[in-house]
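Undergrad: Take a look at the letters that make up each chain.
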Amino acid sequence: MENIGALAILLAFCFAVYAIIGSLVGKWARRPFLALSAQRAVYSVWALLTSAVGILLYSLIKGDFRMAYVWATSNHTMPTPYKVAAWWGGQEGSLLLWSWLLSTYAAVIVFQNRRRFRDMMPYVVSVLMFTQTFFLILNGFVASPFKMIAAGRGIVDIGDGQGLNPLLQYWTMVIHPPMLYLGYVGFIAPFAFAIASLATKQPGDEWIKTTRRWTLVTWMFQTTGVLLGMGWAYAVLGWGGYWGWDPVENASLLPWITATAFLHSVMMQEKKGMMKVWNMVLVSSTFFLCIFGTFLTRSGIVQSVHAFSEGPIGKYFVGFLAIGIAGTVYLILNRLEYLKSESQMESVLSRESSFMFNNLILLAGCFAVLWGTLFPVITEAIMGEKISVDKPFFNRVNIPIGMFLLLLTGVGPLIAWRRSSFESLKRAFLWPAVSGVFVSAALFALGIRSFYALMSFGLCAFVLVTVAIEFFKGAKAISGKSGRNLLVSMFELTHRNTRRYGGYLVHVGIVILFVGFTGAAFNKDTTVELPQGGSMTLGAYTLHVVGFEEGENANYSWGRPKIAVTKNGEELPMMMPEQRFYFASQTPTHDIALRRRLNEDLYINYAGPGANNSNVILQVYVNPLVSWVWIGYWVVLFGTIICLIPSKTKLVFPRTEVVGMASKHAGKPTQVGTNENES
Amino acid sequence: MNKNVKFGLIIAVILGTLGWLAAGGINQTASYYKEIAELERLGPDGVDKRLRVGGDVELNSITREGRDVHFVLVQEKDGVKRRLNVIYNGIDPLPDTFKDNAPCQALVDGKLGSDHVFHATKLQAKCASKYEAKPVAPVTRG
Numbered sequence: 002m003e004n005i006g007a008l009a010i011l012l013a014f015c016f017a018v019y020a021i022i023g024s025l026v027g028k029w030a031r032r033p034f035l036a037l038s039a040q041r042a043v044y045s046v047w048a049l050l051t052s053a054v055g056i057l058l059y060s061l062i063k064g065d066f067r068m069a070y071v072w073a074t075s076n077h078t079m080p081t082p083y084k085v086a087a088w089w090g091g092q093e094g095s096l097l098l099w100s101w102l103l104s105t106y107a108a109v110i111v112f113q114n115r116r117r118f119r120d121m122m123p124y125v126v127s128v129l130m131f132t133q134t135f136f137l138i139l140n141g142f143v144a145s146p147f148k149m150i151a152a153g154r155g156i157v158d159i160g161d162g163q164g165l166n167p168l169l170q171y172w173t174m175v176i177h178p179p180m181l182y183l184g185y186v187g188f189i190a191p192f193a194f195a196i197a198s199l200a201t202k203q204p205g206d207e208w209i210k211t212t213r214r215w216t217l218v219t220w221m222f223q224t225t226g227v228l229l230g231m232g233w234a235y236a237v238l239g240w241g242g243y244w245g246w247d248p249v250e251n252a253s254l255l256p257w258i259t260a261t262a263f264l265h266s267v268m269m270q271e272k273k274g275m276m277k278v279w280n281m282v283l284v285s286s287t288f289f290l291c292i293f294g295t296f297l298t299r300s301g302i303v304q305s306v307h308a309f310s311e312g313p314i315g316k317y318f319v320g321f322l323a324i325g326i327a328g329t330v331y332l333i334l335n336r337l338e339y340l341k342s343e344s345q346m347e348s349v350l351s352r353e354s355s356f357m358f359n360n361l362i363l364l365a366g367c368f369a370v371l372w373g374t375l376f377p378v379i380t381e382a383i384m385g386e387k388i389s390v391d392k393p394f395f396n397r398v399n400i401p402i403g404m405f406l407l408l409l410t411g412v413g414p415l416i417a418w419r420r421s422s423f424e425s426l427k428r429a430f431l432w433p434a435v436s437g438v439f440v441s442a443a444l445f446a447l448g449i450r451s452f453y454a455l456m457s458f459g460l461c462a463f464v465l466v467t468v469a470i471e472f473f474k475g476a477k478a479i480s481g482k483s484g485r486n487l488l489v490s491m492f493e494l495t496h497r498n499t500r501r502y503g504g505y506l507v508h509v510g511i512v513i514l515f516v517g518f519t520g521a522a523f524n525k526d527t528t529v530e531l532p533q534g535g536s537m538t539l540g541a542y543t544l545h546v547v548g549f550e551e552g553e554n555a556n557y558s559w560g561r562p563k564i565a566v567t568k569n570g571e572e573l574p575m576m577m578p579e580q581r582f583y584f585a586s587q588t589p590t591h592d593i594a595l596r597r598r599l600n601e602d603l604y605i606n607y608a609g610p611g612a613n614n615s616n617v618i619l620q621v622y623v624n625p626l627v628s629w630v631w632i633g634y635w636v637v638l639f640g641t642i643i644c645l646i647p648s649k650t651k652l653v654f655p656r657t658e659v660v661g662m663a664s665k666h667a668g669k670p671t672q673v674g675t676n677e678n679e680s
Numbered sequence: 004m005n006k007n008v009k010f011g012l013i014i015a016v017i018l019g020t021l022g023w024l025a026a027g028g029i030n031q032t033a034s035y036y037k038e039i040a041e042l043e044r045l046g047p048d049g050v051d052k053r054l055r056v057g058g059d060v061e062l063n064s065i066t067r068e069g070r071d072v073h074f075v076l077v078q079e080k081d082g083v084k085r086r087l088n089v090i091y092n093g094i095d096p097l098p099d100t101f102k103d104n105a106p107c108q109a110l111v112d113g114k115l116g117s118d119h120v121f122h123a124t125k126l127q128a129k130c131a132s133k134y135e136a137k138p139v140a141p142v143t144r145g
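Which chain is which? The protein sequence lines are C and S, in order.
Per the working numbering: the first sequence = residues 2 to 680.
Per the working numbering: the second sequence = residues 4 to 145.
Warning: the hint list may mix true and false statements.
Unchecked claim - With a Cα cut of at most 27 angstroms, we get these calculated DSSO-like pairs of lysine-lysine:
(1) C:K210 / C:K273
(2) S:K125 / C:K387
(3) S:K52 / C:K341
(4) S:K6 / C:K341
(5) C:K427 / S:K6
(6) S:K6 / C:K272
(7) C:K273 / C:K202
(8) C:K272 / S:K9
(9) C:K525 / S:K114
(10) S:K125 / C:K392
(11) C:K427 / S:K9
(12) C:K387 / S:K52
(13) C:K392 / S:K84
(14) C:K387 / S:K9
(15) S:K6 / C:K273
(16) S:K80 / S:K102
(17) S:K102 / S:K125
As the list claims (entries may be wrong) - Quick look at which bits of chain C chain S covers, simulated, 3 or more residues with Cβ under 8 angstroms:
(18) 259–271
(19) 359–369
These are calculated hints, taken from the structure and not from any lab test.
Cβ coordinates follow ideal geometry from the N, Cα and C atoms, glycine included.
Using the sequences provided together with the hints, build the complete structure.
TA: Structure follows, in structure tokens:
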């Protein structure tokens, strides 16, 4: 079995190399059949990798513990879903997941475009397969999942494995890695098309139109992956928070930031033919940051609680990144004349400049996070001394960045293209600004004094009102014309331009996320050691230890204090945080008790027995508004899906047209109610 | 005003502010990686710096006194074994991986007292798994 798996990877490697050579030679020597055979090779790579994955999964589920990977991540007592999740529970398997997803994407891309882009496809295929080859080298020669513990003869069976790390035995962890990887890997599609358009000297933005959906879908997966990771950290790690600026978390955030910037700046290219070089840079940085993130979590170059083990794998990534980045930079520089901007920034107060500032700020945020993450490495290289920075650094820099982004989220969509007068700005932003100030003032009057919290809530109100006004104005125009009611008109409006109104919904989701983040300004926490019958108070809650239970099952043993909770004297259901001890891996974990409410969460972690064994150590957190983070995510997801639905009306605007505020008076577009549908 | 000048000014203000915030953030939270040997040479100016020290947890050295946890970190360099007494009194409870009955490494973050005892407020631990000599615990977050 394992030999067949290893052989499949080896063959896939050969096919991938063939696909690179075949498509490039086919292109240069003008032999279309050779290029076509290279495309077929892409399918073969997928088929081979799928068989390798099938074999690995079969071994994991059946429990073939002679295989080192199976032994390290699976055991008899684990429930089946976790045996499947063991596929990405360790270094070798998760690299195979990367590889397999890449081959799947590659096969889909080749299939979708089998009759299109004859001139670009060979380059697309070679970019895809170059990356595939790199990962297959890792799968086949560096971190093979098919290594045997008992390579020699004699040993036929090994009783049981270590099992999946207990921290990973949780439902969000089962889907978090595939989601994140779907996002990470998927960014190769826009990247490959971007490179192909550079290589074929196609000045247009065909590649952007082709990959728009890809970009959006992969962005959606990345968002989902990051949020699932947060949800997991919150519910499982037991430290009461969801984001700690750990290098691994940062690694997942970096490509998300550049991808978000890219999603916005492509609009500039589509509408105005501007920022072409910039888009190339963004799409490439996103792709390389995806690779870099994978590298960061596996190389051990920065200290992290949840990094993979150190290994020789880092230098392969460095090599790949160096070759890839050098090649991309060369191509961009070489093709600069094809990437000239078709128009110029005209005014500081314009849609164009708001896009530019959005990009600037996102990139600054990305750079700050990267800088902070790599600070020990940088200082060691320059000063010979390792210095690390911590949460306060990231918060200090990123909170103002977040605020500014929030402001732009409200300003950007309403401001006119080309230039805007103060007069029109006043008209557009009077009510949003008034509501923002009102909310801040009201909260101040209620006794909130945190500067950033007041600012954040004010800006949230500002953005929500701008979006509401947009929906209302559009819907009113439709309902005035058709006589249908406002709600139906809103659906109609959204359907006519899903991209614009879906985008607004995503913005609403982001605002809700920010409401959740801002709640962190009011977190309370404490750690106490309580005897049986002891009690403590935090915020409105009083906790009373009334008993203790313990027991065990096949997988782990557990102990849990029974805690009676009252809030302002009113009795709430009993809470029982649990400490578990997994037998196979000999590690303890915690299963927190969590009371989720829209206004605040009560979060209790049982850290273990105290100095004398009858005491219990409890960590108690009161986290206001956290639930809005998860709600915000669902809204973002909903908005993104709306964006993906094709618009009912196709509006084609010539590039240099005067649109936005000024267009109203020009009286040009034919669709009533969609005269602002330019974004 | 020329629009390029305007753009330039706004960009400069934004980046300047962020740079200033970042520099402040670094000063506020910078913590220096040191080896135990280096700590011994550290003069009185090292007392106020935030430091980060890694090493092996000495077997059976963990003792608790109230909320403080005492233990000893060991680092071997050039054949000389150096020990460092550590008192942990951070807010977070000790990680599950922090043990002294198995080979275990710890990374502590805190300040060196004038008594040459290290007062740690943060602690990370990484342990060799029960079955293997090298640490291969596949703790992953993507």
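Undergrad: None of the hints should be skipped; say for each whether it holds.
TA: Quick rundown of the hints versus the structure:
A hinted pair counts as satisfied when its Cα atoms are at most 27 angstroms apart, and K210 of chain C with K273 of chain C qualifies at roughly 14 angstroms. A C-alpha spacing of about 17 angstroms is found between K125 of chain S and K387 of chain C, which places the hinted pair at or below 27 angstroms, so the restraint holds. Between the alpha carbons of K52 of chain S and K341 of chain C the distance comes to roughly 51 angstroms, so the proposed pair goes past 27 angstroms and is violated. With a C-alpha separation of about 20 angstroms, the suggested pairing of K6 of chain S with K341 of chain C holds against the 27 angstroms cut-off.
For the suggested pair K427 of chain C and K6 of chain S, the alpha carbons sit about 21 angstroms apart, so the restraint of at most 27 angstroms is met. The straight-line distance between the Cα atoms of K6 of chain S and K272 of chain C is roughly 21 angstroms, inside the 27 angstroms bound, and the hint therefore holds. In summary, the hint linking K273 of chain C to K202 of chain C is supported, as the alpha carbons are separated by about 20 angstroms, within the 27 angstroms threshold. Taking the CA atoms of K272 of chain C and K9 of chain S, the gap is about 24 angstroms. The hint holds against a cut of 27 angstroms.
Between K525 of chain C and K114 of chain S, the direct Cα distance comes to roughly 25 angstroms. Compliance with the 27 angstroms bound is thereby established for this hinted pair. About 12 angstroms separates the Cα atoms of K125 of chain S and K392 of chain C, which keeps this hinted pair within 27 angstroms; it holds. For the hint pairing K427 of chain C with K9 of chain S, the CA-to-CA distance comes to about 21 angstroms; that is within 27 angstroms, so the pair holds. For the hint pairing K387 of chain C with K52 of chain S, the CA-to-CA distance comes to about 13 angstroms; that is within 27 angstroms, so the pair holds.
Simply put, K392 of chain C and K84 of chain S have alpha-carbon atoms about 33 angstroms apart, too far for the 27 angstroms limit, and the pair is violated. Restraint check: the Cα-Cα separation between K387 of chain C and K9 of chain S comes to about 40 angstroms, which exceeds 27 angstroms; the hinted pair is violated. Of the pairs offered as hints, the one joining K6 of chain S and K273 of chain C holds, with about 19 angstroms between alpha carbons and a cut-off of 27 angstroms not exceeded. Between the alpha carbons of K80 of chain S and K102 of chain S the distance comes to roughly 23 angstroms, so the proposed pair stays at or under 27 angstroms and holds.
The suggested pairing of K102 of chain S with K125 of chain S holds, with an alpha-carbon distance near 15 angstroms, which does not exceed 27 angstroms. Residues of the region 259–271 of chain C with a Cβ under 8 angstroms from some Cβ of chain S number 0, which does not satisfy the need for three, so the listed coverage is violated. Remark: the region 359–369 of chain C is confirmed as covered by chain S, as 4 of its residues place a Cβ nearer than 8 angstroms to a Cβ of that chain, reaching the required three.
When each numbered hint is compared with the structure, violations occur for hints 3, 13, 14 and 18.
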